[in-house]
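Student: Construct all of the structure, not just a fragment, from the sequences and the given hints.
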Amino acid sequence: MEIDRAFVVKARSGDTDAFRALVERHSRSLFRLAFRMTGNAQDAEDVVQESFLRAYRQLDRFDERASFGTWMYRIATNCSLDLVRVRKRRNQTPVAADEPGEGVPELPSLAPSPERIALSGEVRERLAAAMNELSETERAAFVLRHFGGLRVEQISHVLECQPGAAKHSVFRAVQKLRRALEPVMSPIR
Amino acid sequence: MNHLNEEQLVLYYYGEENGVPDVAGHLESCETCRQAYVSLERVLDAADELTLPEPAEDFGARTWERIAPRLAARRAVFAAAVWRWAAAAGVLLAALLAGQFYPKPRPAAAVAVADPQAGERLLRLAVGDYLERSQMVLAEVANANPRQPLDISFERERAADLVAESRLYRQTALRTGDAAVAGVLDDLDRVMLEITHSPARLTPAELERLRDTLDSEEILFKIRVLGADVRADEAAAAAVSNPARKS
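First to last, the sequence lines map onto chains A and B. Everything in the first sequence is counted per the numbering used here, starting at 1 for the first residue and increasing by one. Everything in the second sequence is counted per the numbering used here, starting at 1001 for the first residue and increasing by one.
Hints are all accurate, no fakes.
From the derived model, a few chain B residues whose C-beta atoms are all more than 12 Å from chain A: (1) G1025; (2) A1142; (3) A1160; (4) L1214; (5) E1218; (6) L1220; (7) A1235.
A short, non-exhaustive set of chain B residues, derived as facing chain A with CB atoms under 7 Å: (8) V1043; (9) P1055; (10) D1151; (11) R1201.
Quick caveat, the hints were computed from the structure, so don't treat them as lab data. Note that beta-carbon positions come from the ideal geometry of N, C-alpha and C, so glycine has one too.
Tutor: Dropping the structure here:
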């Protein structure tokens, strides 16, 4: 965080190498977030690029006491939500989350082993479908909590809502995922 | 202790069980809650099985390569805007000192009579600069990627500044009888107001609507034509006032 802060200070004074360092440090984690939000690798790449362009433009508004990573998460989440809204309006279904890299073949996949896929194929299918059924806020809150590791308080900052609302969105998302998955999961031994 | 509710179990799973006393201890002693927790844990653990394409090691460097030219373009636009704003402020100051825009109680006609050519020239200089800055704002909207949402917060601020500034030029143009300039400034005002009142983040559909307005007003074309006229007038006036430079 201290390193980020130093880079932000330099970038604000016009040091493009410092901004480049921020881009290189945070691009990959933002891609993961954006992919979870949009379900599409090409969209995720676009979101990452647009997020840094917005960040560069708004660098003066960044509060140096805050975490640059969380700030970028907020920007990338907003970019992702914009994109998802557009897609919904156009009634285009996003590429399913289990179809990685379509249009972006250079991205290596960390797909589970074939055995694991065979064991959990239906679960994964239902999970991807259930994720697509979540509302924008539920999906964003769940992605930030489950995959991003953000605490509820941080999620409320990213989504610009009260902590109670952020927590409620996470719960609703978990409830929906449980309803979708429990019927196909083997009973507890 | 009563049974744990679902919210408490979810928070416990994520290590955020703030304020809930000894959840772990309760789970050890309560079979019902333990079963509920194990069921929840299995669902949430399964979420990790969603395939995630891991970005390549050089993903950050590639991202930089793609955005660096666009950052440079933004810096250039911003620097030019700041420089031109300063230049326009200088022109305005000169005009104010000359008493053209805010004359003392004298009627406007008297100013025009006193030195109509100087007043007109000042107006043209200021308007030329104003048009260039307007064109930069409009070009950002006109050239944006139509497939992506567009953040126009910067352009909205510039548009609001330009609207506030244009009144001065429009009034002066009307006073000096330059109906063509006043007309284009009117059209430009309408477009700038639309940008000012647009959301900070435009969806592609909203961007398309805004572009339609630009097209229907033919505003970029009008700006180019008027800008070319203004520059030609400036060059002619400069040649007249400083003939030595011609030779």
